[in-house]
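Peer 1: Residues per chain are reported as follows:
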Amino acid sequence: MREGERDPGLYGFRPWRDRPAIEWPDGKKVAVWVSPNLEFYEIDPPKNPHRTSWPRVHPDVVGYGHRDYGNRVAHWRMAEVMSKHGFPGSVSLSVSMCQHMPEIVADADARGWEFFSHGIYNTRYSYGMDEAQERAIIEDSIRTVREATGQTIKGWLAPALTHTPRTLDLIAEYGLTYTCDLYHDDRPNPVEVKSGRLISMPYSLEVNDHYGFFVYNMSPREYADTLIRQYDRLAEEGGTVMCIPLHAYLIGQPHRIGPFEEVLRHIAADGRAWITRSGDIADHFLSTGGYEAAEADCARYAKEDRA
Amino acid sequence: MTLDPGYLEYPMRRKGMDHDLYSWSNIAERAPLALPGGAKVAVAPLVSLEWFPIVPGEAPFRAPGHMQTAYPDYRHYTAREYGTRVGFYRLLDAFAKVGAKATIAVNSAIAERYSTIIADILAAGHEIVAHATDMDATIDSTVPEDRERAMIVAARDTLAQAMGSAPKGWMSIARQQSWNTPRLLVEEGFGYCLDWVNDDLPYVQTTSAGPLVAVPYNHELSDRQVIVVQQHSAESYVEQMKDAHAWLSSEAAPRVLPLHLTPYVMGLPFRMGAFEGLLEWLAAQPGTVFATAGELAAALPGEDA
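Chains as they are written, first to last, in the numbering used here: chain D, 24 to 330; chain B, 6 to 310.
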């Protein structure tokens, strides 16, 4: 990105209308991927001067216990309804989960889920990292996931959504093909990086379970209805990507998991969804000319005086 | 601007937890809870019975529900008192109607000020657990150990005098602890604690003074969270609790549905009917019993004390 500039130049502009067609496999209209966040939050992490990890109180017994609920109770509920309805996960992984709770990582791996990095811990922020420090967490992520699962990560969602101005350039340099950190579109797009090819993979804040329950204060049934409306619209428009980002400690609560299962039932029965993983979407997009078509589309609108 | 190099060191990166208070455990791999009559779901009502001083004292943090305007905050002080003198009694009547026994988490200030309430709780057969002294008695890592211990002892002893025996369970204000709280509770004779929200079932925590049973009361299922924080209606709360019961009763092993209640929230005239309907519905569900925190702690497999 263009550090320090008012327009950071992350991606090119293109309006929603008149887009080149994206063909998903088997004529499906919308690629649906589910992103369980398998996270570890430390009870007493060191301070980052740019962000306080537990701002309420120290130690934050309720905040910490709430998240731990996901790793001792709710993961299994979430994982089982996903598998029951044919939805593999693309895991946004705190890679230290491979050390802390290898049983959960192994369960996800056995289900055929894909892993991408969500940093080491969700309480260690990227803000203020120098280049060597940021390279260290990227290398740690690649190594740790490979050792635990045999997979080579292709994607990145920054730890607690914290970034430096060089994050995207670095992950592209290490060969990652998609970032989940940009929210500007319902389709994949090229990201401007110094080397490699990096795409923005639609993740979602707006239908993330954290936003649904704690920003918009939805009831479990309202959240389920919201996901269904999101799906129906994106399937109708076509060539789209729908992500359902989840946290077991939220969606796996006993009052929420039942309504959520109805969402998966709806999507699975509908017939318009390519139910898949984020890495498969990236591979398809990159291998079928999607990247080049999007670049050409952006070029139509590029101003000559830009940059 | 550059971060301290220690920021990328992870001394607690190891199997299990990053603390020594309890071990990681997969709920699906535990021995089943021994509920009475082979029940599938234990519904565990918990009522917070709180006293809020109108002059807020010094505290590491302000308790939820505390005074909010400049002194004197008549509206919040009297609205909280409404919970104690009116709302709480509607809850007691609702429990009696369906034969439910609840756990009442009591600030010891209630016992000092309103001994009638303690007598009414005991006469109805409910359990009392200690809930600090009053709503200024919050705890965090800044509270000196001797001051925290003195508060725990004062709450225990005041309630013991009113009840005729010492309470065995504890709940902190806003469920918040210091690093010392679990050990201090064991040292002062408590056997179980209701502060942690990390599980659906009771489990054992370890302190240097001996074990402490954690009996989780999920804050996400509390009326404070659903109605006050997330601003859902009482009818939506009822729907959510029914959905929770449906899910829990479908799981393979016995489960607990905690209902954490705040008298000045649920005990209002326009909400009480919905809650009474929920209790009647729960009481009618097959394989469902009501249980107190003490009963849940005792139902833990392999647990003595």
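Think of the hints as simulated: they come from the structure by calculation, not from any bench.
Remember, predicted model here, so these are calculated numbers, not experimental data.
Check each hint, because a few of them may be wrong.
[Unchecked claim] Quick list of in silico lysine-lysine cross-link-like pairs, BS3-like style, CA-CA up to 27 Å:
1. B:Lys20 - B:Lys247
2. D:Lys107 - B:Lys45
3. D:Lys70 - D:Lys217
4. B:Lys173 - B:Lys45
5. B:Lys45 - B:Lys247
6. D:Lys51 - D:Lys107
7. D:Lys70 - B:Lys20
8. D:Lys70 - D:Lys107
9. D:Lys107 - B:Lys247
Peer 1: Run every hint past the structure and note whether it holds.
Peer 2: Evaluation of the provided hints:
no. : hint                : in the structure
1   : B:Lys20 - B:Lys247  : 37 Å, violated
2   : D:Lys107 - B:Lys45  : 23 Å, holds
3   : D:Lys70 - D:Lys217  : 31 Å, violated
4   : B:Lys173 - B:Lys45  : 26 Å, holds
5   : B:Lys45 - B:Lys247  : 15 Å, holds
6   : D:Lys51 - D:Lys107  : 21 Å, holds
7   : D:Lys70 - B:Lys20   : 23 Å, holds
8   : D:Lys70 - D:Lys107  : 41 Å, violated
9   : D:Lys107 - B:Lys247 : 23 Å, holds
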